[in-house]
Amino acid sequence: MRNLDINTDLAIEIISGFIRSETTRAGFSKVLLGVSGGIDSALSCYLAARALGSENVLAVRMPYKTSSQSSYDDAQLVIDATGAQSMTIPITDIADGLINQFPKMSKMRQGNIMARSRMIVLYDRSVDFNGLVIGTGNKTEILLGYSTLYGDSACAFNPIGDLYKTQVRQLSRALGIPDIIVNKAPTADLWAGQTDEDELGFTYTEVDQLLYFLVDERFTPDECIKEGFEHSFVEKVVKRVRQYHFKRIMPPIAKVSNRTIGYDFLYLRDWGT
Amino acid sequence: MNLKLALAQVNTKLGVVESNLDKHLLQIKAAQKEGAQLVVFPELSLTGYGLQDLVPTVAHSADPEDPIFNPLLEASRDIDIVVGFVEEDIRNRFFISSAYLSEGLVSHIHRKVYLPTYGLFDEGRFFAWGDSTRAFNTRFGRMGMLICEDFWHVSPPYLLWLDGADIFIFISASPGRGLSSAPQLSTVHWVESINRAYASIFTSIVIHCNRVGYEDGLHFSGGSTVYDPDGDLLAQAPYDQESLTFCEIDLNQLHRSRSRLPLLRDERTALTQRELNRILNRDGSSSGR
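Residue numbers (the numbering used here), protein chains in the order written: chain A, 86 to 358; chain B, 621 to 909.
Treat the hints as calculated values from the structure; they're not laboratory data. Every residue gets a Cβ at the ideal spot worked out from N, C-alpha and C, and that includes glycine. Hints may be right or wrong, so weigh each one.
[Said to hold, decoys possible] Every beta carbon over 12 Å from chain A, so not counted as near; a handful from chain B, in silico:
#1 Arg762
#2 Glu835
#3 Arg894
[What the hints assert, rightly or not] If you want the footprint, here are the derived chain A segments under chain B, 3+ residues with CB under 8 Å:
#4 183 to 196
#5 345 to 358
If we strip away everything but chain B, and leave its shape as in the complex, we get (with noise of 0.2 Å):
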């Protein structure tokens, strides 16, 4: 079985939803014309990144009643479709999350679990942090999705990969930086080698979409990649441009890289959890010593 793949990797404008669903309208049509059936934006595609103080403003459900999930919910009776975006919850807490719409319903949401508050990120003071993360039924297998930051923690992929994800989405607004004499970003290179990681050591398929353009003085770099279960790149997205790119993947990989390779099998999950038990209940210090 194949699955036809569309990266829009998009630049957004920011705090301005109404015009960035135009953007991904337009996308999903494209995407569509040319036989794509799932379509991934990247993290607050719907938003923009840097919103700080906007964050009330831009925020929405996605629910059908929503005057930004139903024409959302529409465009996937024909198209599968990811979306980042401000989530309000019914208590009004705003949460980054990823929405998989399918056949005109939310198949699934993943809340970001992980909100980098250091450095230049400051998410931590304006979200809510998500508490799951599950993996999903769609009708192209069972995946899983995480936000960004979400994946530069090795739990969350793990606990997808053992709860059945066989594909993987990752999003991103990855600013980037570390420029010095090598070839790429020092970020540009690090999310590729561990997409390829995890693709190669869950031998799973990696599909990640990064965002572009610039806000303020950030520059989000795209690159978006897929990798298939030996790890190895099906297809890449330019670096800063916006881009519909395209990428036919062969599901049976899985099959075919699990035969040789058969981690998954030999994965000893109640030996992680005595460990972890034993690890997580020793009196004292968190610090793991």
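So here's chain A without its partners, still in its complex pose (with noise of 0.2 Å):
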């Protein structure tokens, strides 16, 4: 076992630093986010309310017709704790448009649906509220690829997408977010009794020891079988890690020309500020 305790403090600083610095350097003073209840969402807006201000944070609710009672409710005390300003934009109207033409649509796509409307709701928020939208994927997600491309990924600039779920939980903590928050079983709410760990099959502290060891470590697989990690277990993760790469970088751009956008045209995006 590794400890992936972090400084709190420290990771404060860094973090609310970034905030200001992305925000402000882009020319906006305000962000937005989707705040769903869970502990992702609660940290981001809890980070971005310290770094510019609780006035300069939108939370935005979206419920769908299926969200449960208790997300919508978690995510109150969220918006009552940060004293951002808040909206409840629901999505049924906007997802159901197209998942009513498809009877038999799964889950699965269902839920893609869902998280891409609220992309929309919040791109669309962002001119209104003239803010920048910031994103609420944490470390673990984004390796396992456990997230929509083009909806809940969708933002200007992520700060919490250098923590693994643990230290997630561990800054919370730190922050003062409601116990309610902290300790529930995650879900992304997509349909009634969904969790994480259960459509992942494995558990957020177990994967991020893994993780810890296959990425920050550079162990290898094999290396993380003799750690003790299960055979199969390190197998599915390693898979998933490899499978959805696409989900984490551009776009690859065929290249014909001297000079091509992603491969020898190459700026950072603070050009300039």
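Two chains, two frames, a set of hints: combine them into the complex.
Have a look at this one:
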């Protein structure tokens, strides 16, 4: 077992500075995000409020008709505690406009439509609010590809994407995020009773340990097995990380010219600021 | 003799040299106002760090005709200045360089000799490798300058020491990383440890100026330091904040420390050279085995 504990004061300072820097240098002073009632969006919201002032943060609740009341109520706790501006925009009409056209649509497709509907709402609100959409994906879910491409993964920048779920929990406790949010079973709440850990087939505590060995410590899969991880678990996780890499990079462009975006046209996003 | 130093721990605008120059001139003025005799800026202080394809567009030459260096050289009539910049040589190679400006002239230029090209770094792709490390004389004594990765290798500081440098000026744009439960990022811990170590083992004054700010997700942590020849911390700038930090350095500490601890006197350079020749002339592998 590795200790994944982080110095939370240092994390808050670095991440707050990052939020301020990426927001202001792009010419903005405000950010917005979807607040689901889960821990990841709660943490992003707390950090943003700390970095920019709560009046400069817009927390948007976007329930679908099957979303649970408890998610809605937990999101309210985040809004109340941070003092962020808030609004609620149900996505049922948007999502059902498509879902109802295909009566046999799988849960996964429906879930993706919900995630992408929320993205549409957030990016639309961002124009009206004159703010940047900030991300709420953590390192564990990014590595596992456990997100909807162009859905919940869409953002201008991501303050918590280098923190494993375990570390998200630690930092959330340090920031005083209510226990009910920190301790509940993580769920995308795309259908009743869904939980991340059921769907993935392992717990975040287990997979964070393994990912830390594989990614941060650069252990080979065989070395991870020698460390005591189940063979099949290691195989499954290694496969997921590779399989979903496409969600982590810009789509490749077929190179035909002498200078091609992504290969030899290279600038940081912060170019000129 | 004392040296009043100012560490100009600044943030930069990525690729906007004129704007960075304005900040330099303000900092220089502020340092001078406080009576500083030398002001040190971080690595690539005139350009920002993550330049990639911006490199050819932000390059300058440290000469009086250059529109960026002209005002800096003028300012150096009153205070010595170390700046970091992208240098284009007459053959159009681009270097990560630092210039020591004094009395309206360029006293010395160091071109970064170790370009990290691994992990998050890609310097070797965009820059040419410098190929010398030389000490140089200043009105405060003999100095040596190195840039970031240069001093993660033991040989450049060692060579400067043997070349007569008593004051080391290290400049960095060091992305902070390695968050754990420890009070500092691991990179911050290590850079402070090695600066202290060089000060102690070379019984020399080690000045380190690191930048602050963010570029995309990278975070530059600041915390610039000055260590004396006993390895004691004389001054430290805050982490993560722009600052102009002053430090009064008693240069006579070199005399006292080296009287107590004659490491320089006892250094066996001929032995080093003999063994290096033997090792490097060995046939076959360059791995040292």
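Status of the hints after comparison with the structure:
no., hint, result
1, Arg762, "holds, 38 Å"
2, Glu835, "violated, 5 Å"
3, Arg894, "holds, 38 Å"
4, 183 to 196, "violated (count 0)"
5, 345 to 358, "holds (count 10)"
In summary, the numbered hints that this structure violates are 2 and 4.
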